[in-house]
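Number of protein chains: 2
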Amino acid sequence: MNWNHVDPAKVHRLFYPQVPVIVTVERKGRVGAMPAIWCIPLSFKPPLIGLAIAPEHETYNMILETQAFAVNWLDYSHADQVGELGEISGKEYAEKLAAVALTAVKGMENSPPLIQEASAVLECRTRESYRTGTHELIIAEVLGAYAADSFSDYWDFSQYNALLYSGTLTNGKKSWIFMSLQGTTKRVPLEHKT
Amino acid sequence: MNWNHVDPAKVHRLFYPQVPVIVTVERKGRVGAMPAIWCIPLSFKPPLIGLAIAPEHETYNMILETQAFAVNWLDYSHADQVGELGEISGKEYAEKLAAVALTAVKGMENSPPLIQEASAVLECRTRESYRTGTHELIIAEVLGAYAADSFSDYWDFSQYNALLYSGTLTNGKKSWIFMSLQGTTKRVPLEHKT
Numbered sequence: 030m031n032w033n034h035v036d037p038a039k040v041h042r043l044f045y046p047q048v049p050v051i052v053t054v055e056r057k058g059r060v061g062a063m064p065a066i067w068c069i070p071l072s073f074k075p076p077l078i079g080l081a082i083a084p085e086h087e088t089y090n091m092i093l094e095t096q097a098f099a100v101n102w103l104d105y106s107h108a109d110q111v112g113e114l115g116e117i118s119g120k121e122y123a124e125k126l127a128a129v130a131l132t133a134v135k136g137m138e139n140s141p142p143l144i145q146e147a148s149a150v151l152e153c154r155t156r157e158s159y160r161t162g163t164h165e166l167i168i169a170e171v172l173g174a175y176a177a178d179s180f181s182d183y184w185d186f187s188q189y190n191a192l193l194y195s196g197t198l199t200n201g202k203k204s205w206i207f208m209s210l211q212g213t214t215k216r217v218p219l220e221h222k223t
Numbered sequence: 030m031n032w033n034h035v036d037p038a039k040v041h042r043l044f045y046p047q048v049p050v051i052v053t054v055e056r057k058g059r060v061g062a063m064p065a066i067w068c069i070p071l072s073f074k075p076p077l078i079g080l081a082i083a084p085e086h087e088t089y090n091m092i093l094e095t096q097a098f099a100v101n102w103l104d105y106s107h108a109d110q111v112g113e114l115g116e117i118s119g120k121e122y123a124e125k126l127a128a129v130a131l132t133a134v135k136g137m138e139n140s141p142p143l144i145q146e147a148s149a150v151l152e153c154r155t156r157e158s159y160r161t162g163t164h165e166l167i168i169a170e171v172l173g174a175y176a177a178d179s180f181s182d183y184w185d186f187s188q189y190n191a192l193l194y195s196g197t198l199t200n201g202k203k204s205w206i207f208m209s210l211q212g213t214t215k216r217v218p219l220e221h222k223t
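The listed protein sequences correspond, in order, to chains A and B.
Numbering of the first sequence is given in this note's numbering, commencing with residue 30 and proceeding in unit increments.
Numbering of the second sequence is given in this note's numbering, commencing with residue 30 and proceeding in unit increments.
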């Protein structure tokens with residue numbers, strides 16, 4: 030294989046496609062939500078996960094204060110909403126989920142709100158967090174996990190058409206690039222910012 | 030959406046599909062290699078990555094001692110080899126890459142060996158590591174990154190058919206489940222262990 034040098038600022042894109050999640054959080058009755066791409070399991074037992082997010086986000090501050098958040102998987106049919114959610118700020122929209130036509134439902138163990146349209150959800154409690162360059166890595170324990178019928182020990186992908194994120198185009202009109210497991214590609218133009 | 034409760038031991042599978050990488054390392058002239066599923070970017074600048082692996086692996090010990098490793102992306106055409114690499118132990122096979130018909134080539138900055146058949150590679154230096162339950166989370170800086178022509182700021186997926194891992198079937202004959210971006214699925218039976 031002949032390789033070309035990759036610009037250090039683009040290294041993260043080599044990891045794509047990745048399945049994005051929506052992180053939800055609640056503070057003083059206000060619901061925050063944002064998509065996150067950099068999220069993986071870190072342990073089988075106890076079930077731990079790692080979530081890296083940029084600390085500029087309002088959602089990050091809300092997690093820091095409440096030490097609790099939920100992880101929600103929305104499938105390919107919700108690609109537009111995931112993209113939009115990445116562009117609106119919690120400072121402008123008091124209820125970000127409602128702003129993109131998603132529904133907040135009460136968590137099952139007094140946890141942050143979950144997204145009703147999600148195919149799977151995790152209720153998490155923050156354990157530790159570390160600053161890693163531009164991002165903050167949050168390590169959290171999964172207290173509760175719930176999934177649609179398409180998951181039974183494994184995803185069967187019959188109903189759940191996983192959403193795959195492969196980057197954000199920034200030349201010209203900014204847009205998110207999503208793919209499905211069936212090879213379809215969708216660009217979600219970002220209207221809220223340039 | 031109606032959700033079912035998910036067994037805590039299966040929470041990690043909700044994150045799938047994920048693109049696996051092959052981690053390579055060299056100690057005293059001996060090359061170690063293993064697939065890893067839990068690997069994400071953690072920072073744009075400097076480019077940092079997080080890699081979670083089980084400390085029982087010989088490869089983990091080699092990384093711990095040398096503080097250096099490489100990340101290699103093999104595409105769908107190499108699914109069988111990725112699966113096999115997960116099952117053979119460095120204790121049995123002195124040269125794991127050769128055992129699955131992959132080729133070790135010298136790294137570009139005096140780094141661990143890279144896999145010649147890889148579509149992209151990273152040369153990494155360990156910064157810190159944290160124990161997270163069953164796994165060890167290694168945070169590393171990317172010192173060098175190289176990719177095939179199919180990557181130019183973004184993957185165009187024309188030549189690079191990303192390999193997607195969606196779990197290991199353990200009932201009956203053990204096998205790894207892989208998918209491609211074109212919706213094809215492949216099970217790689219694991220012959221080396223039950």
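Bear in mind the hints are in silico, worked out from the structure with no lab data behind them.
Among the clues, some could well be false.
Copies of the same chain look alike in the list, so a pair counts if it fits in one copy or across any two.
Derived BS3-like pairs: lysine-lysine, alpha-carbon spacing no greater than 27 Å straight-line [stated by the list, open to error]:
1) K57 <-> K135
2) K74 <-> K39
3) K202 <-> K135
4) K215 <-> K203
5) K215 <-> K39
6) K203 <-> K39
7) K135 <-> K39
8) K202 <-> K57
9) K135 <-> K203
Results of checking the hints against the structure:
1. For the identical chains of this complex, K57 and K135 are intra-copy neighbours only, at 14 Å inside a copy versus 56 Å across copies, given an alpha-carbon limit of 27 Å.
2. In this homomeric assembly, K74 and K39 come within 27 Å of each other (Cα to Cα) only across copies, at 10 Å, whereas the closest approach inside a single copy is 33 Å.
3. Taking CA atoms no more than 27 Å apart as the test, K202 paired with K135 passes in neither setting, with 37 Å inside one copy and 41 Å between copies.
4. For a Cα distance limit of 27 Å, the shortest separation of K215 from K203 inside one copy, 13 Å, qualifies, whereas the shortest one across copies, 35 Å, does not.
5. With identical chains, the CA atoms of K215 and K39 are at most 27 Å apart within one copy only, with a shortest distance of 21 Å there and 30 Å across copies.
6. For the homomeric pair K203 and K39, the shortest alpha-carbon distance inside one copy (16 Å) is at most 27 Å, but the shortest distance between copies (37 Å) is not.
7. Only between protomers do K135 and K39 lie at most 27 Å apart by alpha-carbon distance; the minimum there is 23 Å, versus 38 Å within a single protomer.
8. Proximity of K202 and K57 under a CA criterion of 27 Å is satisfied in neither setting, with 36 Å inside one chain copy and 51 Å between copies.
9. Taking CA atoms no more than 27 Å apart as the test, K135 paired with K203 passes in neither setting, with 34 Å inside one copy and 39 Å between copies.
Of the numbered hints stated above, those contradicted by the structure are hints 3, 8 and 9, listed in ascending order.
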